Amino acid sequence: MSQEILYTVLLLVALGALAAIILYWVSQKFKVQENPKLEEVMDALPATNCGGCGFAGCSGFASALVNADDLSPYHCPVGGNEVMQEVASILGKEVQEKDPFVAVVKCAGAIGVRVHTTNYDGAANCSIASDLYSGERGCSDGCVGLGECVDACDFDAMYMDETTGLPVVIEDKCTACNACVTTCPKNIIDLWPKGKRDKKIYIACVNEEKGGTARKECSMACSGCAKCADECKYDAITVENDLAKIDYDLCKLCGKCVVACDVRNIVADGFKPEMIDKLAEKREARLEKEKEAKRLEREKAKAEAAAAKAAKEEVSDKSE
Amino acid sequence: MLLNLTKKLKRFHKGGIHPEENKFSAAAPITELPLPKSVTIPITQHIGAPAKVVVERGDTVKVGQIIATHEGFVSSNIHSSVSGKVGKIDKVMDSTGFKKMAINIRVKGDEWEESIDRTPDLIKDISYAPDEIIKKIMEAGVVGMGGAAFPSHVKLSVPPDKKVDHLIINGVECEPYLTADHRIMLEKPHEIMVGTHILMKALGVPKAIIGIEANKWDAIEKLAEVAKDYPGIEVQGLRVQYPQGGEKQLIEALLGREVPSGGLPFDAGCVVHNVGTIYSMYMAVQKNRPLIERVVTVTGKDVKTPSNFSVRIGTPISDLIDAAGGLPENTGKIISGGPMMGKALNELDIPIAKATSGLLLIPDEKAHRQEVYNCVRCGKCVDVCPMGLQPVELSLLSKGKDLEGVKANGIMDCIECGSCSFICPSNRPILDYIRYGKSNLKKAPK
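So the protein lines, in turn, are chains Y and G. All residue numbers for the first sequence refer to the numbering used here, where the first residue is 1 and numbers rise by one. All residue numbers for the second sequence refer to the numbering used here, where the first residue is 1001 and numbers rise by one.
It should be emphasised that the hints constitute simulated quantities derived from the structure, not laboratory data. One or more of the hints may lead you astray.
Stated by the list, open to error - Dumping the calculated SDA-like pairs for lysine to any residue here, alpha-carbon to alpha-carbon at most 25 angstroms:
no.: 1; chain 1: G; residue 1: K1399; chain 2: Y; residue 2: F155
no.: 2; chain 1: Y; residue 1: K210; chain 2: G; residue 2: K1088
no.: 3; chain 1: G; residue 1: K1442; chain 2: Y; residue 2: G122
no.: 4; chain 1: G; residue 1: K1446; chain 2: Y; residue 2: T183
no.: 5; chain 1: G; residue 1: K1333; chain 2: Y; residue 2: S130
no.: 6; chain 1: Y; residue 1: K216; chain 2: G; residue 2: V1092
no.: 7; chain 1: G; residue 1: K1446; chain 2: Y; residue 2: T182
no.: 8; chain 1: Y; residue 1: K210; chain 2: G; residue 2: K1091
no.: 9; chain 1: G; residue 1: K1399; chain 2: Y; residue 2: S130
no.: 10; chain 1: G; residue 1: K1401; chain 2: Y; residue 2: M160
no.: 11; chain 1: G; residue 1: K1100; chain 2: Y; residue 2: G138
no.: 12; chain 1: G; residue 1: K1443; chain 2: Y; residue 2: P185
no.: 13; chain 1: G; residue 1: K1443; chain 2: Y; residue 2: T183
no.: 14; chain 1: G; residue 1: K1399; chain 2: Y; residue 2: D156
no.: 15; chain 1: G; residue 1: K1085; chain 2: Y; residue 2: G212
no.: 16; chain 1: G; residue 1: K1088; chain 2: Y; residue 2: E240
no.: 17; chain 1: G; residue 1: K1052; chain 2: Y; residue 2: D242
no.: 18; chain 1: Y; residue 1: K210; chain 2: G; residue 2: G1087
To be verified - Pairwise CB distance ranges, derived in the manner of DEER restraints:
no.: 19; chain 1: Y; residue 1: G57; chain 2: G; residue 2: Q1390; range: 26 to 32 angstroms
no.: 20; chain 1: Y; residue 1: G57; chain 2: G; residue 2: E1258; range: 42 to 48 angstroms
no.: 21; chain 1: G; residue 1: T1119; chain 2: Y; residue 2: T118; range: 40 to 46 angstroms
no.: 22; chain 1: G; residue 1: G1262; chain 2: Y; residue 2: T118; range: 31 to 37 angstroms
no.: 23; chain 1: G; residue 1: S1261; chain 2: Y; residue 2: Q96; range: 51 to 57 angstroms
no.: 24; chain 1: G; residue 1: D1090; chain 2: Y; residue 2: D249; range: 33 to 39 angstroms
no.: 25; chain 1: Y; residue 1: T118; chain 2: G; residue 2: L1441; range: 25 to 31 angstroms
no.: 26; chain 1: G; residue 1: G1262; chain 2: Y; residue 2: S59; range: 33 to 39 angstroms
As the list claims (entries may be wrong) - Chain Y stretches covered by chain G per the calculated footprint, using a threshold of three residues with CB under 8 angstroms from any CB of chain G:
no.: 27; region: 121 to 129
no.: 28; region: 132 to 142
Computed from a predicted model, the values in this text were never measured in an experiment. Yeah, the Cβ is synthetic: ideal placement off N, Cα and C, and Gly gets one too.
Given only the sequences and the hints, what does the whole structure look like? Please build it.
Encoded structure:
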């Protein structure tokens, strides 16, 4: 009995050893030549396969990094500067720091703000609804509100606010992978630099219709009045096709444009409300001053004209 | 005579459904709607490039005057349907559900272009050469009036490598509720026959078949009677089955020929035109009358007087609804076109376009979609698909954005007839997802 057990064990050990030898031989014989650093880079990457880098997944990005001479065009938005630094040190190359980005929703057309025109009861998908017609609410450029962006987010960084009917980005979770930006059929989501101390200023509107028409459909729409552009000292705001746009590279986050907007649709994220109030007061005071100056000027002009008239009359009196 | 026609009833053989017919307005003769106060004429009422506006605000126009000219070959002229002063030229909500450029004209008097023959006399002699006929149809801005609004002159310009031996006239009107084509066939049979002869001459084909479904028996009899005086034209009765009015289905039903995948009726040796279009072509060629009016059915279960109106293009739909007895209180949805392929409208002042065949007012309790359940794999959608596709598979592949998959399963052959969504016992929005897949495939880089 014990002999049988012994033979069985021995046979299995022998078979195992044989298989191991064959496997080792095969793996050596048919070894795929691979850059040894590829695996290290792969380990350094976050392995989310979100596609935010522009490649289908992390492995594609890793092989591109290993084969690249210059790392500057590549960036992993999820891992950020930290991961890129690590990758650079593995590959022995230089990498520049890049500002972290975050997704922002450029539409303020909440329920109640936009006119409700129709009821949509088809498939709950923004692309299908927007292919079909201009949408449940006024302003055909605005948010459809069916949450396709939320479905597209791999990081649970978005949710639909039920009271406004608009998507909200949870900034701490957002990795700027671009998935929501490419999904949105109305192109209202954009990537924006997180900014110094998490401050950022952007215009929450993409409507390019004429001011009056746009406001009729949405009381928060940008009418293209250019008051914000006049206020900006750094030429960061341009108005094109009745829509103001902020260039975030030029924006110095002074916040003056925010208070210049009639409908306060320039979002000042990360600013203290007291600061905005102060800016508004300052602007109010300045406008008052300007108005006063204009009035004085007008009065002065009037007085001068009266004096000139009087002088003229005097001359004519004398000549008589 | 009657027995003879019954014997020969034909139909298409792949799939198909039988929705409730509800042709309430079939007995209502076509009545002229009084002139509206103002019309709004969109410049894109056809498939292809938008027309180019050639009038300015404040201009005075006559009925039949060109107000926008075609841009390129696949495009169409737009004529003023009223006389008056041009108002705003701005973006306006139209029957497609999107805002598009449109010309507003305030009506003043009823002054027509002098070249237009407004007498009701029938002109039988065709004095134009084939290329002249096509040119006249193009100038008159005639487009397919069955719903697709494809510029008609393009359909008549047969590529030199294709041989056409049959002209098919589509009098099927398979959409439930609609009766516009039915009434045209009953009231203008001679015009349709002459129009058919005009097209036969333009195309150089010896034979034309008019296909009519058996639920319009009076129209079959009438046209068969009239056709005796017009050589080469045959009237063929068809068994009632949706979507028999689809070009490909009609060709299969009448001639037993199949249009190849991705092909056009040319490839099956046919040209197909709707009876409404034929009537407009007759008016364009024999009477110099551009496409400025059309027959529109206004109908619905609760509409007081379901009617067929002859209306000027650009008339707001509210005028038609008022003329049919006003908007029923419980209306939940207004559809432009039929219930199967029509589109819900989002405003009451949307203008009638060249392709608006009907207005369907649906009561609120019937206007909404029902709760969606899981697919039970019954395969009914596969059975009814008139194109022999697998709608369930296509909708799932589309939902998952599998572009290769949808292409391999022939998504572009889908004619969007809606039979699959109609038959689905789980109320699944199958067609919505197929459309989504189609639009994703079109957008994808080649």
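* To do: Run the structure past the numbered hints and jot down the numbers of the failing ones, going up.
  => Nothing - there is no hint that the structure violates, so all of them hold.
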